[in-house]
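Chain A is fixed; fit chain B onto it per the hints.
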Amino acid sequence: MGTTVTHAPATEGLSKDERSEPRHGPAEAPSPAALKRRGRRENLAGYLFMSPWIAGFLLLTAGPMIASLYFAFTDYNLFDAPKWIGLDNFSEMFADPRWRHSVRVTLWYVVVGTPLKLLLALGVALLLAQKRRGQAFYRAAFYAPSLIGASVSIAIVWKAIFSDDAIVDRTQKIFGIDVGGWTGDPEMIIYSLVALTVWQFGAPMVIFLAGLKQVPRELYEAAEVDGAGKWRRFWNITLPMISPVLFFNVLLETIHSFQIFSSAYIVGGGAGGNACGPADGSMVYTCYLYVQGFENSRMGLASAMAWLLLVAVALVTAVLFWSQKRWVHYEEGA
Amino acid sequence: MQQNRNVERRTVLKAAGASLAVAGLGATVTACGGDSGAGDGTVTIRYAWWGAEDRAERIKKSIALFEKKYPKIKVKTDFQPYLDFWKKFNTQASGGNPPDVFQNAIGFLRKYDAKNVLLDLGPQVEAGNLSLDGFRAGLEKFGEVDGKLLGIPVGSNSMALVIDKPVYTKSGVKPEQGWTWDDFDAAMKKIRDKAGRAGDSGMYGVMYLYDLYLRQNGKAFFTEDGLGFTEADLKAWWSKAEKGIEEGLYADPKKVAQIKPKSAVAAELAAGEFTWDNFTVRYTSEGKSEYGLAPIPTTDGKKTGQYLGSLMLSASKRTQHPKEVAQFINFMVHEPEVAKIMGYDRGVPATQAQYDAFQPTDPVNKAIAEYEESLVAAGVLEPITPHPNGADICEAAFLRIGEELGLGTRTVDDAVKQFFTESKTALGT
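Line order of the protein sequences matches chains A and B.
The first sequence begins at 17 in the numbering used here and counts up one residue at a time.
The second sequence begins at 1407 in the numbering used here and counts up one residue at a time.
For the record, the hints were derived by calculation from the structure and aren't laboratory data.
Any given hint could be a false lead.
Straight-line alpha carbon distances no greater than 25 angstroms define the calculated BS3-like cross-link-like pairs of lysine-lysine that follow [said to hold, decoys possible]:
#: 1; chain 1: B; residue 1: Lys1493; chain 2: B; residue 2: Lys1600
#: 2; chain 1: B; residue 1: Lys1830; chain 2: B; residue 2: Lys1521
#: 3; chain 1: B; residue 1: Lys1746; chain 2: B; residue 2: Lys1772
#: 4; chain 1: B; residue 1: Lys1571; chain 2: B; residue 2: Lys1708
#: 5; chain 1: B; residue 1: Lys1666; chain 2: B; residue 2: Lys1708
#: 6; chain 1: A; residue 1: Lys189; chain 2: B; residue 2: Lys1666
#: 7; chain 1: A; residue 1: Lys189; chain 2: B; residue 2: Lys1646
#: 8; chain 1: B; residue 1: Lys1554; chain 2: B; residue 2: Lys1723
#: 9; chain 1: B; residue 1: Lys1646; chain 2: B; residue 2: Lys1661
#: 10; chain 1: B; residue 1: Lys1772; chain 2: B; residue 2: Lys1576
#: 11; chain 1: B; residue 1: Lys1493; chain 2: A; residue 2: Lys99
#: 12; chain 1: B; residue 1: Lys1494; chain 2: A; residue 2: Lys99
#: 13; chain 1: B; residue 1: Lys1729; chain 2: B; residue 2: Lys1475
#: 14; chain 1: B; residue 1: Lys1723; chain 2: B; residue 2: Lys1521
#: 15; chain 1: B; residue 1: Lys1666; chain 2: B; residue 2: Lys1571
#: 16; chain 1: B; residue 1: Lys1466; chain 2: B; residue 2: Lys1478
#: 17; chain 1: A; residue 1: Lys99; chain 2: B; residue 2: Lys1830
#: 18; chain 1: B; residue 1: Lys1576; chain 2: B; residue 2: Lys1493
#: 19; chain 1: A; residue 1: Lys189; chain 2: B; residue 2: Lys1708
#: 20; chain 1: B; residue 1: Lys1595; chain 2: B; residue 2: Lys1708
#: 21; chain 1: B; residue 1: Lys1467; chain 2: B; residue 2: Lys1729
#: 22; chain 1: A; residue 1: Lys99; chain 2: B; residue 2: Lys1723
#: 23; chain 1: B; residue 1: Lys1554; chain 2: B; residue 2: Lys1571
#: 24; chain 1: B; residue 1: Lys1466; chain 2: A; residue 2: Lys99
One-sided excerpt, in silico: chain A residues whose CB lies under 10 angstroms from chain B [claimed, not checked]:
#: 25; residue: Arg114
#: 26; residue: Gly139
#: 27; residue: Ser179
#: 28; residue: Asp185
#: 29; residue: Thr187
#: 30; residue: Gly192
#: 31; residue: Gly200
#: 32; residue: Ala295
#: 33; residue: Phe310
Quick reminder that beta carbons are idealized off the backbone N, C-alpha and C, glycines included.
Just chain A, same shape as in the assembly (with noise of 0.2 angstroms):
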């Protein structure tokens, strides 16, 4: 009994010829019959590893995605079957005030925060990119709101930064400006919003980190000796030659506003009240399409804007890819 053998022999299973081979490296090519038989072997083991990622797939993400193409065409409570009314969905949504305020406030919320939120990335990565004293610090003090920025406490945190009498409400108050806090203000409400979003700039950042490391420093070098400045050096080299990197990150993140929910269904009300905010303020798309669906119960009709929303971010990907043509330059043969 002292002899419990607890692993196989690495070569158990194998053909006859091949155990005399080492496992990698050259060797005489095997026959064609115990290459196939190894290849199925291998594809059988393949297929096995992926499993729970290929059931979590079908189940999860492409089952979802199909009954919920089904519902968007039905009138669907949750409780009784679903019933099939063609676009209705889409012409309730269309002629609906509620709808149309939502996507003007999205609209508006990734028009100003993602360029914002890029411009102050950019900015913070040009200055860290230089050689200084504490920049591991520095870069990882930057890096962290964006760490925890997707949390929800951080949502909660910010709404008590900027509701009234909060300290932002109270410094406004040293500077004259008495308008109360924001996020009980339909107009302000969204700023709040934007300054959440721009603070977790930290991801964009890093990236573009990266993005200026691989700028060549003969460029520069280059540059300066022809007495190019500052500015010169930044439109005409930098800016040129991080645009890839540029490209990636408006994309990643212009995606990311359309799909904003967690921040603004918290900050705007969350438990209790309206869930969108003092007067539908900070009714994002995605907060209107959860209301639908879970407050209203109407499941149908949510998910029919959850496919319209998929068609947007979809049509705005493809015309940001059809831009990169005019201002993304990939180097030659990189």
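Structure of chain B alone, referenced to chain A:
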């Protein structure tokens, strides 16, 4: 020796494996069987309700009492704040897994009956598991819809004007049963001028108050399948609201929105608020002042349009244990000890036995008891008007659009139009 130890180890491993398997099996049985429970006849029922920590403590104590009396029934609880409660309930119910018994309110009876979610408790009454004796003021009829018994009231409450007492005294306003809306408007001006505070926190969005006002004028917010008032009615109501905000009679809606979920009265933004009488308890814990109850203003000096509202307990149609659920509801509404634990947390107890068991000693609960007794004495209570399927969405829309009006993002005409559009969709009319 060596061999022996190995054998021993193997046995131990085997035993461990076996017990693991058994435990796993046990877990599976519990998980799948869910409520069915173990073989010894013990049954577990799930009870969901909305509310806060304070209510949780009281309910926990009540359940401990119940489990002592019915050792074969275990109760598992689950609670959320009001809005989150219904989201979760919707999801669970549509997935075929609603709680066995849950807190309910009038606005949801027809909605969930139409969706086939609610159990008719009538047969349980006939079987003797649930008693309808001893309810106050005809409350046992409260949860009846189309001949089906869909909910059992646990407590009753009534709309009231909760006031900041010192502010009212300072302004020299003494509200009395039978005061009119003109008296009320004059009082608002007095409070603004003498105490420097808005008189009300924003009554234009309180659906239940508007309902009383309509009933005073021979109408109602809801009929059995739709709205019981016209666009012109609502326009008059909201026009008055707009004017009141401009004149500083009602609190600045921006400020009210900021301090949510705290109430405007407790935050000293307004001297009063129309709400359910038992909310006085909450304001007292939130605010620094002394709070009291004033009667609802009337149109003709007599009729307030008031009725008793109530929290109810309803059961799921899919429950595996209708008998145990009925026994649980019966215990919660009749057991005197439960009333001592719960107090007026869910309104004044619905049954006479529980009403007698809890004698409030603190001024706030005493005031609530006095207020409800004064309503009975004044004879203003009427039967409630039914709420149609979709009423909950209408209420949410009324609240939201009322707020938008207050915040100035909508004109009165626009707000009225929007409310009627959304309500028609919700009510399917």
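Here's how the hints hold up against the structure:
1. Lys1493(B) <-> Lys1600(B): 44 angstroms, violated
2. Lys1830(B) <-> Lys1521(B): Holds: Lys1830(B) and Lys1521(B) sit about 19 angstroms apart, inside 25 angstroms.
3. Lys1746(B) <-> Lys1772(B): 14 angstroms, holds
4. Lys1571(B) <-> Lys1708(B): 24 angstroms, holds
5. Lys1666(B) <-> Lys1708(B): 34 angstroms, violated
6. Lys189(A) <-> Lys1666(B): 21 angstroms, holds
7. Lys189(A) <-> Lys1646(B): 32 angstroms, violated
8. Lys1554(B) <-> Lys1723(B): 12 angstroms, holds
9. Lys1646(B) <-> Lys1661(B): Distance ~20 angstroms between Lys1646(B) and Lys1661(B) Cα, so the pair holds.
10. Lys1772(B) <-> Lys1576(B): 23 angstroms, holds
11. Lys1493(B) <-> Lys99(A): Between Lys1493(B) and Lys99(A) the Cα gap is close to 22 angstroms, so the pair holds against 25 angstroms.
12. Lys1494(B) <-> Lys99(A): With a Cα-Cα distance of about 23 angstroms, the restraint between Lys1494(B) and Lys99(A) holds, given a limit of 25 angstroms.
13. Lys1729(B) <-> Lys1475(B): 15 angstroms, holds
14. Lys1723(B) <-> Lys1521(B): This hinted pair holds, its Cα atoms lying about 10 angstroms apart.
15. Lys1666(B) <-> Lys1571(B): 22 angstroms, holds
16. Lys1466(B) <-> Lys1478(B): At roughly 17 angstroms apart (the allowed maximum being 25 angstroms), Lys1478(B) and Lys1466(B) satisfy the hint.
17. Lys99(A) <-> Lys1830(B): 20 angstroms, holds
18. Lys1576(B) <-> Lys1493(B): 44 angstroms, violated
19. Lys189(A) <-> Lys1708(B): Not OK: Lys189(A) and Lys1708(B) at ~49 angstroms, beyond 25 angstroms, violated.
20. Lys1595(B) <-> Lys1708(B): 23 angstroms, holds
21. Lys1467(B) <-> Lys1729(B): 22 angstroms, holds
22. Lys99(A) <-> Lys1723(B): Holds. Lys99(A) to Lys1723(B) sits at ~23 angstroms (cutoff 25 angstroms).
23. Lys1554(B) <-> Lys1571(B): Violated, at roughly 43 angstroms.
24. Lys1466(B) <-> Lys99(A): Roughly 43 angstroms between the alpha carbons, so the hint for Lys1466(B) and Lys99(A) is violated.
25. Arg114: Holds, because the Cβ-Cβ distance from Arg114(A) to chain B comes to roughly 8 angstroms (cut-off 10 angstroms).
26. Gly139: 33 angstroms, violated
27. Ser179: 6 angstroms, holds
28. Asp185: 9 angstroms, holds
29. Thr187: Where the cut-off is 10 angstroms and the nearest Cβ of chain B is about 16 angstroms from Thr187(A), the hint is violated.
30. Gly192: Violated, about 18 angstroms.
31. Gly200: Since the shortest Cβ distance to chain B is 3 angstroms, the answer is holds.
32. Ala295: 4 angstroms, holds
33. Phe310: 5 angstroms, holds
Checked against the numbered hints above, the structure violates hints 1, 5, 7, 18, 19, 23, 24, 26, 29, 30; every other hint is satisfied.
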